[in-house]
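Engineer: When you get a sec, could you build the whole thing from the sequences and use the hints?
Protein sequence lines correspond, in order, to chains D and X.
Heads up, the first sequence is in the numbering used here, so the first residue is 1 and it goes up one at a time.
Heads up, the second sequence is in the numbering used here, so the first residue is 1001 and it goes up one at a time.
Take these hints with a grain of salt, some might be off.
Derived DSBU-like pairs: lysine-lysine, alpha-carbon spacing no greater than 30 angstroms straight-line [said to hold, decoys possible]:
1. D:Lys36 - D:Lys131
2. X:Lys1405 - D:Lys162
3. X:Lys1402 - D:Lys156
4. X:Lys1409 - D:Lys160
5. X:Lys1147 - X:Lys1433
6. D:Lys162 - X:Lys1402
7. D:Lys5 - D:Lys49
8. D:Lys131 - X:Lys1299
9. D:Lys156 - D:Lys49
10. D:Lys156 - X:Lys1299
11. D:Lys5 - D:Lys36
12. D:Lys156 - D:Lys105
13. D:Lys160 - X:Lys1433
14. X:Lys1405 - D:Lys5
15. X:Lys1299 - D:Lys162
16. X:Lys1281 - X:Lys1405
17. X:Lys1281 - X:Lys1299
18. X:Lys1405 - D:Lys160
19. D:Lys162 - D:Lys105
20. X:Lys1064 - D:Lys105
21. X:Lys1409 - X:Lys1299
One-sided and incomplete, this derived list gives chain D residues near chain X with beta-carbon spacing under 10 angstroms [to be verified]:
22. Val19
23. Leu64
24. Asp93
FYI, nobody ran anything at the bench for these hints, they're computed from the structure.
Every value quoted in this text rests on a predicted model; they were computed, and no experiment measured them.
Note that CB positions come from ideal geometry on N, CA and C, so glycine has one too.
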Amino acid sequence: MAIPKEGFFQLEQGRYGPVFPRTPACYGFTIIAKIKPGREQAIREYGTKIEQTIAGLPDGLAVLKLHYLRWVLFDIGKETYFMYQGIFDTDFDKYTEDAVALFSKYGINTVFENLEGFPADWKTNTPAFIKFVREHQRPSFLEYGEYPFVSADEIKRALKLKAAFSEMLDQMQ
Amino acid sequence: MAGAPQMLELDDIQHILLTRTPALNGLYAFVSFRDAAGGQAWLTGLLDKVQSAAEVESTVASSKRWVTLAFTWSGLRALGVDDASLASFPEEFRQGMVARAEMLGDTGPNHPDTWVGGLASDKLHAIGILFARDAAERARCVSEHQKLLAQCPGVEMLSTLELEATPPFDYAHDHFGYRDRLSQPVIEGTGEPTPGSGAPLKAGEFILGYPDEDGHVTLPQPEALSRNGSYLAYRRLQEHVGAFRDFLRQHGETPEGQELIAAKLMGRWRSGAPLVLAPEKDDPALGADMQRNNDFGYKHQDPHGYAVPLGSHCRRMNPRDTGANMNRRRMIRRGATYGPPLAEGAPDDGVERGIAAFVVCGSLIRQFEFAQNVWINDKNFHELGNERDPIIGTQDGTLEFKIPKRPIKQRITGLPAFTTVRGGAYFFLPGLKALRYLSTLGDGHAKS
Chain D
1 MAIPKEGFFQ
11 LEQGRYGPVF
21 PRTPACYGFT
31 IIAKIKPGRE
41 QAIREYGTKI
51 EQTIAGLPDG
61 LAVLKLHYLR
71 WVLFDIGKET
81 YFMYQGIFDT
91 DFDKYTEDAV
101 ALFSKYGINT
111 VFENLEGFPA
121 DWKTNTPAFI
131 KFVREHQRPS
141 FLEYGEYPFV
151 SADEIKRALK
161 LKAAFSEMLD
171 QMQ
Chain X
1001 MAGAPQMLEL
1011 DDIQHILLTR
1021 TPALNGLYAF
1031 VSFRDAAGGQ
1041 AWLTGLLDKV
1051 QSAAEVESTV
1061 ASSKRWVTLA
1071 FTWSGLRALG
1081 VDDASLASFP
1091 EEFRQGMVAR
1101 AEMLGDTGPN
1111 HPDTWVGGLA
1121 SDKLHAIGIL
1131 FARDAAERAR
1141 CVSEHQKLLA
1151 QCPGVEMLST
1161 LELEATPPFD
1171 YAHDHFGYRD
1181 RLSQPVIEGT
1191 GEPTPGSGAP
1201 LKAGEFILGY
1211 PDEDGHVTLP
1221 QPEALSRNGS
1231 YLAYRRLQEH
1241 VGAFRDFLRQ
1251 HGETPEGQEL
1261 IAAKLMGRWR
1271 SGAPLVLAPE
1281 KDDPALGADM
1291 QRNNDFGYKH
1301 QDPHGYAVPL
1311 GSHCRRMNPR
1321 DTGANMNRRR
1331 MIRRGATYGP
1341 PLAEGAPDDG
1351 VERGIAAFVV
1361 CGSLIRQFEF
1371 AQNVWINDKN
1381 FHELGNERDP
1391 IIGTQDGTLE
1401 FKIPKRPIKQ
1411 RITGLPAFTT
1421 VRGGAYFFLP
1431 GLKALRYLST
1441 LGDGHAKS
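Structural biologist: See the structure below:
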């Protein structure tokens, strides 16, 4: 699906700004922002911390209705940029609100604190967090899904069904 | 700012936040201020009528009427609140409900262009909420108010709406017949929630100036105006009783079948009995028992929606243990029914009747707007794909309602609209000291 430059086909207001559309690749975002000088290692260590947090809380991110998250660091000239891509099944504003709540719940800081221009008062100012995310969102101009518009819940249900059928066949041996 | 629970200043908090009064009648007065002096004269004339939570707690048995005052953002401006203070209020309140209509789902027949009583107008500045024990007391209060208005040439009455409880009067219910007031959050320090209603919530979820569930305190400036205040989202919802009954007859072959369809739309039998606890047959004694009628969850008791359809009204408005971050989404509801009841079996008479209610919350965008935008009107709530709230969602006849059932679910297509939004507004509900503060602002700050 080809997407206009502004990121939506028709302006539809959500609670915090325009609603970005669901595409064959579901809802999602691509956040690109410059990192504060000298913070690259801190960001990489954050990856390890998230891995450990999720290992202890396998359903910890369930509320975000995620398919995939990808964190990427790359250089442009002498500056380092952070790219954060997510594919999920809830709208942009709800995702961000839920994410802020999760950070508070688990007592973890956000990797965004290492980005230039990120509001220092994000823990008490969800609208400012959402504004930053929206300002750094780079909409796709093309998105594709081999299994279009299928939600993560549907995929998980299909896997459960497969497991149930396997169990049934086992019981019939 | 998180810490030990802060004592609530009950003598400063308007009673509507914490108290449900035993009123059978009422009146909402929607007013506009031609100038700051007019607004302040009106406010001054009503100051001693507005009761605090503390006062109502001690006098409710002997009182006959209860008064609440609240203001739109443009009303605060018209009263002379300065620009810096006005700018410190949250954006959604500054914009007002009309500007947020598309996001709220107020489109088509629900659009503000169709609203009545001047509620979509910028001129809407304040609401006076009167709840009265009976119609005679209401008439007396209305007469007193008219005398006050006669002395306030700077105040214009845009409209009024009379509230009437719907018979039988022994329990609260709407025009469709559903028992109401079953699930309400309780603020820490104000009592014990009924079983199944969750733990008491931090006051900041509803009252400005106290820590919320995340330990944060929100206060627009100056504190003299915002402390002990709250926000009200007002909704006037017309209930299409004839269409609702036709629908039940169309989809239920017997009276029992029709009751079951009504219950499936709501998630409770009209008696109030929850389908989770009484899935097959109504249990009016359960419906009336506040110690039992809210004591259930969905995650383990009804994960697939065989009792309560995933898209039913109750399951959307309070997903309980299947929702995330629930303590930050709770809302207090106040309000009443309006219009005459439609006799059972009578054809629709075309007279408007419905619910005129307030959602009370500390954050309109996080609580009311979230519920409206995500819980009520998200077509893909719980992966349903093509549904909105069957009772209060935006319905245009193209959506469906699915009732999980073995071996296959029942799918009702072309769901009609049973309600239409006829008006709405965002109000700020100041504390009592703040009302006095507003009544003494100098005219020099007045804006046109």
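Engineer: All hints, please: hold or fail.
Structural biologist: Each hint tested on the structure:
At roughly 19 angstroms between alpha-carbon atoms, Lys36 (chain D) and Lys131 (chain D) fall within 30 angstroms of each other, so this suggested pair holds. This hinted pair checks out: Lys1405 (chain X) and Lys162 (chain D) have alpha carbons roughly 22 angstroms apart, not beyond 30 angstroms. At roughly 21 angstroms between alpha-carbon atoms, Lys1402 (chain X) and Lys156 (chain D) fall within 30 angstroms of each other, so this suggested pair holds. For the proposed pair Lys1409 (chain X) and Lys160 (chain D), the alpha carbon gap of about 19 angstroms is at most 30 angstroms, so the pair holds.
For the suggested pair Lys1147 (chain X) and Lys1433 (chain X), the alpha carbons sit about 25 angstroms apart, so the restraint of at most 30 angstroms is met. Between the alpha carbons of Lys162 (chain D) and Lys1402 (chain X) the distance comes to roughly 24 angstroms, so the proposed pair stays at or under 30 angstroms and holds. Proximity of Lys5 (chain D) to Lys49 (chain D) is assessed by CA-CA distance (about 35 angstroms); at most 30 angstroms being required, the pair is judged violated. For the hint pairing Lys131 (chain D) with Lys1299 (chain X), the CA-to-CA distance comes to about 34 angstroms; that exceeds 30 angstroms, so the pair is violated.
A hinted pair counts as satisfied when its Cα atoms are at most 30 angstroms apart, and Lys156 (chain D) with Lys49 (chain D) qualifies at roughly 26 angstroms. A threshold of 30 angstroms between alpha carbons decides the hint, and for Lys156 (chain D) with Lys1299 (chain X) the separation of about 17 angstroms falls inside it, so the pair holds. Restraint check: the Cα-Cα separation between Lys5 (chain D) and Lys36 (chain D) comes to about 28 angstroms, which is no more than 30 angstroms; the hinted pair holds. About 25 angstroms separates the Cα atoms of Lys156 (chain D) and Lys105 (chain D), which keeps this hinted pair within 30 angstroms; it holds.
For the proposed pair Lys160 (chain D) and Lys1433 (chain X), the alpha carbon gap of about 59 angstroms is over 30 angstroms, so the pair is violated. Taken as a hint, the Lys1405 (chain X) and Lys5 (chain D) pair is broken in the structure, with Cα atoms around 45 angstroms apart against an allowance of 30 angstroms. For the hint linking Lys1299 (chain X) to Lys162 (chain D), the alpha-carbon distance of about 22 angstroms falls within 30 angstroms, and the restraint holds. For the hint linking Lys1281 (chain X) to Lys1405 (chain X), the alpha-carbon distance of about 16 angstroms falls within 30 angstroms, and the restraint holds.
Simply put, Lys1281 (chain X) and Lys1299 (chain X) have alpha-carbon atoms about 22 angstroms apart, close enough for the 30 angstroms limit, and the pair holds. For the hint linking Lys1405 (chain X) to Lys160 (chain D), the alpha-carbon distance of about 20 angstroms falls within 30 angstroms, and the restraint holds. A threshold of 30 angstroms between alpha carbons decides the hint, and for Lys162 (chain D) with Lys105 (chain D) the separation of about 34 angstroms lies outside it, so the pair is violated. The hinted pair formed by Lys1064 (chain X) and Lys105 (chain D) fails the criterion: a straight-line CA distance of about 46 angstroms is larger than 30 angstroms.
Between Lys1409 (chain X) and Lys1299 (chain X) the CA atoms are separated by roughly 19 angstroms; this keeps the pair inside 30 angstroms, and the hint holds. Restraint check, Val19 (chain D) versus chain X: the minimum CB separation of about 8 angstroms is within 10 angstroms; hint holds. With a cut of 10 angstroms, the hint placing Leu64 (chain D) at the interface with chain X holds, because the nearest CB-to-CB distance is about 9 angstroms. About 8 angstroms separates the beta-carbon of Asp93 (chain D) from the nearest beta-carbon of chain X, less than 10 angstroms, and the hint is met.
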